[in-house]
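Asker: Based on the sequences and whatever the hints tell you, model everything.
4 protein chains.
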Amino acid sequence: MHDQQKEERRQDILTTVWQLFQTTSYETVTIAGVAEAAGLAKGTIFLYFKTKEALFLALLEQQLGSWFASIDAGLLALEGTGDILKITTLLCEQLASRPGLTRLLAILHTILERNIHLDEAIRFKYLLKEHFEQTGHLLERCLPFLKSGQGAHALLQCDALVIGFWHLSDTAPVVQQAFQQPELHLFEIHFVTELSIAMQALLYGLEKSAQLPSQP
Amino acid sequence: MHDQQKEERRQDILTTVWQLFQTTSYETVTIAGVAEAAGLAKGTIFLYFKTKEALFLALLEQQLGSWFASIDAGLLALEGTGDILKITTLLCEQLASRPGLTRLLAILHTILERNIHLDEAIRFKYLLKEHFEQTGHLLERCLPFLKSGQGAHALLQCDALVIGFWHLSDTAPVVQQAFQQPELHLFEIHFVTELSIAMQALLYGLEKSAQLPSQP
Amino acid sequence: MHDQQKEERRQDILTTVWQLFQTTSYETVTIAGVAEAAGLAKGTIFLYFKTKEALFLALLEQQLGSWFASIDAGLLALEGTGDILKITTLLCEQLASRPGLTRLLAILHTILERNIHLDEAIRFKYLLKEHFEQTGHLLERCLPFLKSGQGAHALLQCDALVIGFWHLSDTAPVVQQAFQQPELHLFEIHFVTELSIAMQALLYGLEKSAQLPSQP
Amino acid sequence: MHDQQKEERRQDILTTVWQLFQTTSYETVTIAGVAEAAGLAKGTIFLYFKTKEALFLALLEQQLGSWFASIDAGLLALEGTGDILKITTLLCEQLASRPGLTRLLAILHTILERNIHLDEAIRFKYLLKEHFEQTGHLLERCLPFLKSGQGAHALLQCDALVIGFWHLSDTAPVVQQAFQQPELHLFEIHFVTELSIAMQALLYGLEKSAQLPSQP
DNA sequence: AATGAATGAGGATTCATTCAT
DNA sequence: TATGAATGAATCCTCATTCAT
Chain A
-16 MHDQQKEERR
-6 QDILTTVWQL
4 FQTTSYETVT
14 IAGVAEAAGL
24 AKGTIFLYFK
34 TKEALFLALL
44 EQQLGSWFAS
54 IDAGLLALEG
64 TGDILKITTL
74 LCEQLASRPG
84 LTRLLAILHT
94 ILERNIHLDE
104 AIRFKYLLKE
114 HFEQTGHLLE
124 RCLPFLKSGQ
134 GAHALLQCDA
144 LVIGFWHLSD
154 TAPVVQQAFQ
164 QPELHLFEIH
174 FVTELSIAMQ
184 ALLYGLEKSA
194 QLPSQP
Chain V
-16 MHDQQKEERR
-6 QDILTTVWQL
4 FQTTSYETVT
14 IAGVAEAAGL
24 AKGTIFLYFK
34 TKEALFLALL
44 EQQLGSWFAS
54 IDAGLLALEG
64 TGDILKITTL
74 LCEQLASRPG
84 LTRLLAILHT
94 ILERNIHLDE
104 AIRFKYLLKE
114 HFEQTGHLLE
124 RCLPFLKSGQ
134 GAHALLQCDA
144 LVIGFWHLSD
154 TAPVVQQAFQ
164 QPELHLFEIH
174 FVTELSIAMQ
184 ALLYGLEKSA
194 QLPSQP
Chain R
-16 MHDQQKEERR
-6 QDILTTVWQL
4 FQTTSYETVT
14 IAGVAEAAGL
24 AKGTIFLYFK
34 TKEALFLALL
44 EQQLGSWFAS
54 IDAGLLALEG
64 TGDILKITTL
74 LCEQLASRPG
84 LTRLLAILHT
94 ILERNIHLDE
104 AIRFKYLLKE
114 HFEQTGHLLE
124 RCLPFLKSGQ
134 GAHALLQCDA
144 LVIGFWHLSD
154 TAPVVQQAFQ
164 QPELHLFEIH
174 FVTELSIAMQ
184 ALLYGLEKSA
194 QLPSQP
Chain S
-16 MHDQQKEERR
-6 QDILTTVWQL
4 FQTTSYETVT
14 IAGVAEAAGL
24 AKGTIFLYFK
34 TKEALFLALL
44 EQQLGSWFAS
54 IDAGLLALEG
64 TGDILKITTL
74 LCEQLASRPG
84 LTRLLAILHT
94 ILERNIHLDE
104 AIRFKYLLKE
114 HFEQTGHLLE
124 RCLPFLKSGQ
134 GAHALLQCDA
144 LVIGFWHLSD
154 TAPVVQQAFQ
164 QPELHLFEIH
174 FVTELSIAMQ
184 ALLYGLEKSA
194 QLPSQP
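Chains as they are written, first to last, in our numbering: chain A, -16 to 199; chain V, -16 to 199; chain R, -16 to 199; chain S, -16 to 199.
Be aware that one or more of the hints could be misleading.
If several chains are the same, the list does not tell them apart, and a pair holds so long as it fits within one copy or across any two.
[What the hints assert, rightly or not] Under the rule of at most 20 Å between Cα atoms (straight-line distance), these lysine to any residue pairs were calculated in the SDA-like manner: (1) K33 - L(-3); (2) K191 - F128; (3) K108 - D153; (4) K191 - I180; (5) K191 - T64; (6) K112 - K130; (7) K33 - V157.
Please keep in mind that the hints were generated in silico from the structure rather than gathered at the bench.
Note that the structure is a prediction, hence the values are computed from the model and not measured.
Answerer: Structure, rendered in structure tokens:
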């Protein structure tokens, strides 16, 4: 079996998992279910992914790759504009079109990274670093107030916003019911909307901070 | 047994849980452990708290109450100053001095709210609303650019930042090891530091946004 | 529920396991099977025994208790006789009438003791020590050549013989088939017979050794 | 590929397994590990050995061959002496210098013989028979009280002792900890020491038994 | 002869929660 | 009001072995 075939099978598994994950939660997706849906034996799954977490991490890598690619393309077109609104819209819309990605990001630190091997952790973090730095670089060329290295850092701050607002917006069923009470609509968060607002404000604020003389 | 005695026992349980939670994780704290530490039977715990999640939610309520009280006091002293830096420092330092609070906030939406009853959800959300609106009000008086109602909303945005940065900073052991690799220190997040920076930028940005003519 | 009832249920479980163990192997006995046969939930079994190994260890304790009791009674009747043959016969026949005991002894060190908690290990070893010393004492009074403490030691040597000969006699099915070959009957070991012969020789030898002046 | 080459490769595999087995347990040695260490594919291992058990059985054959050779040489020098102490010392020291051999003997009947094919079982048992009879013969010439055929039988009894004392001395980690308790040192068995004592006694006893008029 | 991808069986264990007493 | 015995769901992963190439 050639490497190409192996890669194809790996992709098959990832595609299967991705489909299952769309309609259910991480917990609901079981290896047994994945194997059955993929027409493989349980053990075969583990031949391609050491743990369930590593499997979903690979999924995240793909989605992240896709997202960063879109962002990079978009940022190139915005080079030098300094248009925070357009940049925010770009980031958020590309995220909104990948609902699964956000859910994966939201469980990355609490679940996915909790049961992987060191080598996987290192590889993933380096990959992430590459993305952050490359896209951060592009971001710096769009937003001149960002100095070298601050682009990646800004992306990290956006990541925090994504995770945070996802948690706020992805409410449990009981909480949904509670929201039927009057005056509680305050907490009904529309993810993309709120994320956009906050991200925009954050970038404006970074611009302002850059203009200030010093920060201890 | 008088209501007072019941309340005392309820407090005893909460105090016990709080102590256990300080040194371990939510998962590690078991009802059996709580019962033993409190000198009660397992079943008794459930007489005071319907579920484990409700128990921790009560804990969160207390800590939140304490935090909001401090914030309120602090904001009163900053009324009208518009000093974003001081406000940010206030919010973050009061959070930094309550490590358990942050950890509870980080699991509020993914765990605590997932297994409580409707009445508890409603009560908690109303309580939260009260806090958000009262403190939001005070915030509005400190930051004149915040219109009525925007104070609570700003606090919500801060909440998102807290959750997000906690996830980014609370890394799994393997990831900690991975960080020993060169050039990965980018991801080593010091919670309070990063939270402060982002929160400050966010508030600056909200100020800037308020000055802009319109927002679609 | 009184302690007595708890003890009864504990006994029920042990009895159930004992019955299952009679007709199958340790591996074949599953907790699920035990629970079903006992009309209990799986979790309930673990309420009475921390691990599967601890469950079988309790079984062994009972059987050992019974065996030692019979031996003690028998040895009392042989006090001062120095009749090695009768003693050997006593030990072996009491063992032969408890087939399960031998099987448990044979897996004690390789399986049972491998997954128990320290407190259980300590308790079991002290229990064993008690038995060895008490019965060893009686043995010393039957066999005058045994000095103080040597009785327990002799029992330990017998234990080794029991384990060893059980392994030699409890042959795998394939090996059974192999024994249909001519001239291989050498290896067809009848457990009790061979154990008796060796144990008798061992005791004779200990007597002889005692008469020798010194052993480095 | 010539038979000679095949035999060489077979030896390579055995050598590799032997090295791995020295530092770990039977369970820890995996076919995958053996294949990797030997620079072969997993499937290749099974071309030379039908099962994992057959592989270790071959190992045991080699070690046994080596041990019996040493014993034979030693017994020749002791011919006619009737010196039980020297014989015991010979047997035990040659065993002590081959720690892996004892470990293999201890799992021979419970593991190795459980998953081999009939032809292998037959071959192994015949091989064993050869050894037992040849060395048994030599033993008979050292110990005149042993009648024809009793030498092999005595070796079988020694085998039982080896297995039994190995189990008693090879204690689980928890049990090791338990032995830190006072008064439990009774169970801390030094394998070679105890084996020597018991084997010597056994042989003395066989001598004594031979002098007795009759045995039922 | 060598490969290595695929297989798939197999089971203990925890712990929040309930409810009879 | 307090107890604590009983419940039972829920699933990952290893690794010897096979067999098509």
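Asker: From the Cα coordinates, with 20 Å as the cut-off, is the pair K191 and T64 best called within, between, both, or neither?
Answerer: Result: close both inside a copy and across copies, 17 Å intra and 18 Å inter.
Asker: If the cut is 20 Å between Cα atoms, do K33 and L(-3) qualify within a copy, between copies, both or neither?
Answerer: within (13 Å within a copy, 29 Å between copies)
Asker: Under a CA distance limit of 20 Å, which applies to K108 and D153: within one copy, between copies, both, or neither?
Answerer: So K108 and D153 pass the 20 Å test across copies only (15 Å; inside, 26 Å).
Asker: How do K33 and V157 come out at 20 Å by Cα distance, when the copy is not named: within, between, both, or neither?
Answerer: between (36 Å within a copy, 15 Å between copies)
Asker: Is it within, between, both or neither when you check K191 against F128 at 20 Å Cα-Cα?
Answerer: Both. Shortest intra-copy (9 Å) and inter-copy (15 Å) distances satisfy the 20 Å Cα cut-off.
Asker: Evaluate K112 and K130 at a C-alpha cut-off of 20 Å and name the case that applies: within, between, both or neither.
Answerer: The answer is within: 17 Å in one copy meets 20 Å, while 39 Å across copies does not.
Asker: If the cut is 20 Å between Cα atoms, do K191 and I180 qualify within a copy, between copies, both or neither?
Answerer: For K191 and I180, both the intra-copy (16 Å) and inter-copy (12 Å) Cα distances are at most 20 Å.
In terms of the numbered hints stated before, the structure departs from none.
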